[in-house]
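These are the residues of each chain, in order.
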Amino acid sequence: MLQKKICMLGGFAVGKTSLVRRFVQSIFSENYLTTVGVKIDKKSVAFPDKTVDLILWDLAGEDDIGSFRVSYVRGATGLVLVVDGTRPATLAVALTLRERCEAEFGAMPFILLFNKSDLTDRWAIPEGEIDELKQRGWQIYLTSALSGEHVDDAFRQLASMVAK
Amino acid sequence: MTSSVEPISLSQRQASNDTGIDREALARLLVEIARNVDPDNHALYEGVPAADHRLERLRQLLVGGEISELARVTHLLDEPEQLAAAVGNVLPEATARASHAQLGEALAPAVERAAQRSIQKNPNTLTDILYPVFLPAIRKSIGEKIDQTFQSLNESLRHIFTWHGLKWRFEAWRTGTSFSAVVLKHSLVYRVEHVFLISRASGLLIAHVTSQDATSEDPQLISSMLSAIQDFVKDSFKEKENSGLDTIRFGELRLWSEVGQFATLVAVIRGNPPEELHEVIRDVLLRIHQESSRALERFDGDSSQLPGVETQLQTCVELQHMDSKEGFPWLVVTAVLLVLIVAGGWFFLSWQSAHRWQTYLSRLAAQPGIVVSDQKIRGGDFYVAGLRDPLAADPRSLLPGTDVDPARVHSNWQFYQSFEPQFVLKRLSASLAPPDSVRLSVVDGRIVAEGEATTTWINRARAAAQQLSAGGPVFDISRVRDVSAEDRWQAYVSRLQTQPGIIVADQNVRDGQFYITGLRDPLAADPQSLLAETQVDPARVHASWQFYQSLEPQFVLKRLTASLTPPDSVRLSVANDRIVAAGEATTAWINRARAAAQQLSAGGPVFDISGVRDVSPEERWQAYVSRLETQPGIIVAQQNVRDGQFYITGLRDPLAVDPQSLLSGTQVDPARVHASWQFYQSLEPAFVLKRLTASLYPMDKVRLSIVDGRIVAEGEAPDTWIDRARAAARQLSEGGPEFDISKVRDVSPDARAAEHWQYYVSRLEAQPGIIVAQQSARGGQFYISGLRDPLAADPQALLSGTQVDPARVHSQWQFYQSLDPKFVVKRLTASLSPPKSVRLSIVQGRIVVVGEAPAGWISRAQAAADQLSADGVVLDVSQLSELNLAELNHLREAIQTTDIFFDSGRVVPGPEQTPALDRLADQLKEFAENARKAGVTARFMLTGHSDTTGRETANASISAARAETVRALLNKRGVAPELLLVRGAGTFEPAVPENENSRTGNSTNRRVSVTVNLE
Ligand SMILES: Nc1nc2c(ncn2[C@@H]2O[C@H](COP(=O)(O)OP(=O)(O)O)[C@@H](O)[C@H]2O)c(=O)[nH]1
Ligand SMILES: [Mg+2]
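Residue numbers (the numbering used here), protein chains in the order written: chain A, 1 to 164; chain B, 1 to 1015.
Incorrect hints may have been included.
[To be verified] Pair ranges (Cβ atoms, derived): (1) GLY974/B - GLU104/A: 26 to 36 Å; (2) SER160/A - GLY308/B: 23 to 33 Å; (3) LYS164/A - ALA366/B: 47 to 57 Å; (4) PRO806/B - THR120/A: 22 to 32 Å; (5) ASP152/A - GLY801/B: 28 to 38 Å.
[Claimed, not checked] For the chain A half of the interface with chain B, some residues (derived, Cβ under 8 Å), not all of them: (6) LEU2; (7) LYS4; (8) GLY37; (9) VAL38; (10) ILE40; (11) LYS43; (12) ILE55; (13) SER71; (14) TYR72; (15) GLY75; (16) ALA76; (17) THR77; (18) ALA92; (19) THR96; (20) GLU99; (21) ALA103.
[Claimed, not checked] Here are some chain A residues the structure puts well away from chain B; computed CB gaps all over 10 Å: (22) GLN3; (23) VAL45; (24) LEU146.
Hints in this document: simulated from the structure, not taken from any laboratory. Ideal placement from N, C-alpha and C gives every residue a C-beta, glycine not left out.
Kindly generate the complete structure, drawing on both the sequences and the hints.
Here is the structure:
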């Protein structure tokens, strides 16, 4: 049994919960997410040589970064940073959250998802900016929790990164 | 479409009640976990069906009469004063009649809170009240405990003569435990069904075992969820590190958790486990820690690293006991009570110590010059870190009186300089050492110096003020009077008196003005220029000097020097009161000197020129030429003398001395010199070095020097400089000296990165609401820490465009609330959500609110102003005026006079009512929109009425149904449903009085009327 704790990070309503829902089937209902501040789901990703169980912690999104509980990230092996492609400000939120996690627990693998790629007419992130980020060697995906586009690819990528 | 924000924000608000926890939701969650641990429980906990509005409608129709009655009562309830009076009348009676159990339940929370508050305020009050109660209660409790012990003894005695009894007696004797403990053990019924071993760091499941026939859903998820809940509870109740949820109970099931250093063990137990089971579980956990501590610490989700653990856990699962026939387990109850008392005591103690610690922290926070940046409680010890001004109170000295044990406090204070005025004042007092005549004080956040001081002190104070102007409080020294003028005057006068050639005849000071008279030689020092050095105000000096010629030798010498202008080759000096000239000069000069000597012979000192040798122009020319020839960078090609004229040609480097300037002082007549110089570039290393220095500017970190005729550059420079130097070296290689730049290190990438970083830092520093506390660059990484207002620009976002690599930036920002008016305005705009008719602006550092607003809003703004004034921020609400609702009133009038009419017995208005409905809908929308703009919410009460024909209850439900119909029709016309309230008035509020005998009823009363409420 190989398990890895993964945290979903990102601003309010960027689609964290929706992405997890798209990727995984849950056993707990979601109505306590705002109570305890975290929803936990599992997804097994199979590779030829092993199977990794991703334990996905979906932290309740906060626009106010100040109220984010970093302690929930303790013990995590990887991060999923989610940005709402129609709201450029959420990129800064995701990066700041990552920065806070790294400051507390050190660097860890992550993927950066620009979500809601189906909303092409309201898309607000210039391609140049994404290219620039890619040049840092970051794993970046344009995803849609609505259509499912690239969602599995992205999580698989992360699974392979944390399983090393 | 409404935004997706709504539902979330609602439930969040719900969660933030005074305990900070939505207990109901938490409970639901725990139930769900139980269900997942034991799927059989599904049937027991079915969710509540969602509300159905058809039911609501049905209810209206069935119990409309009651509803109308309710409406009347509701009306009464809506008047707070009436209600209070009514309730007040019946309260004592009601209390007396109430079911005691329920009343107690209802009052308990309020009473508890009141007691809590009272204890916080002054614990003695309650202690005094309870003292007479305590004593008998304690006495009684001890008595009861003794009774219980006897009772359990009785229970035990019952077993003595049974077969079990004998067996257990033997067991007690064999194991050395008490008989009652053995009885207890065998009387309990329980079974451990699941054991989870959970990594404390990540919440990941390390191992899970179940008893044979137990089932459970995904143990990995349950494990993570449990650890998340533990975290949550710990955070919410500010619990100590190691304690969390020890036990959770759902009917038959219990979750017991035992927290170890690296892993938590959770046992799911069915039934009533004995207290010793805790011991057993703790042992297992301890053993696992002992055997696999390193593997546990490093656990990264790969459970194959911990192979032996499951066997250990298995021992827990095998624990069970199903034997039960015995009576009430008194001893268990006693034990549980004891445990509860101990646990409660412990809980109280730890709560109390945390509370004391909080007291200490708030004391610290209240101290000026102390900034707490971090604090925590771990293992009963207290840790605090932060900044303190060396002049602030010693944090330790604040401990006494808080009851916090100083030995348990670990502090880590960094010194910093606070800019709070009183600290700056202290520092200024120390550094400026103001004289007794100067008083420093803090006035309105400014530091004001008053009194008298010398100019030097004032100058130093001014320098300090200058320094402070960068970020610190204002240091106002305009009220310090300069008193050293008179002293300086006296110093000036005595200086004049020692001046040769100056005779002070008289001087005095009157009314701050200075007067002086005397004699001065024109060649003596100028009294005026001496004045300039003394800082005596020249405008206040009134001097009157008479010229005279001093015959003192040095004055005569000066006069001679001025009138004879001796060449450089002649030296004049005073020796034994005689003036002696020595050296070489032209005949013409010697003649003039002789004439002067003649004049002086009448009364003046002797002027001896016998030591001056007569030299010819040719000799002097030759001397000049040979001087030129020794000059570097000058090459004399040819020179000759013809007819008393001197000719010279040659080469000169632009950087060499000017031949012309060498001429002066040689006594060669420049008018007779004909020079022709060609410029050339000397390749002598010294000149090349000069030229390089001029052309390769800037190079603060490069040093050029000449080594064995080569020019060597050493140091550090950016690549651009190195490129230019290389080009110069290439040029020089044709004939010039060698230029060696191999020892210059290329520092460009680092330098450029550092430059970018500095640019970023200065950008941050220029941001309002961001305070950079510390920043540094180390090993190619950049570190920055400081404070930021949540409303200030995001430091991360400011990175873009600075070319600083974000991956190399390590920032640590603490949030704080800036009191910069700009930020206060932002916060106010968010929290008060001012109506459109109100404008907030900043005028000279004050926040001024202008415009019209509803009274409720004005009073909220006033409250905010009161609060802010404590922080020293002025929020001026005096220019707010109460909103004039005249226009709205007009519209309201129109709405309230509108009625929608119905045919007898019908709840749907006829088609003839359509225009009225259309108009009403438009009016309602317009009114709601205008009200919203003015910052108030309008709600419309639709009241249904009926005529008096038919039964009273039928009328009531018809009236309510009419109101509902109108609501639906208005809704269809675009009026937001949440703005429409509905009630049925039946026949109680007729528009016109009914004729008792009428068979058809009055059509005017079959209507729906509208009233407007503003919130
Ligand atoms: N069109 C579109 N909407 C999305 C997508 N992902 C999420 N949403 C919507 O965005 C809103 C917020 O999603 P949610 O998952 O709750 O965000 P979270 O706060 O990050 O967990 C919801 O209304 C989702 O339906 C997407 O890929 N495309
Ligand atoms: Mg979410």
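Run through the hints listed earlier and report the numbers of any the structure violates, in increasing order. 1, 11 and 22
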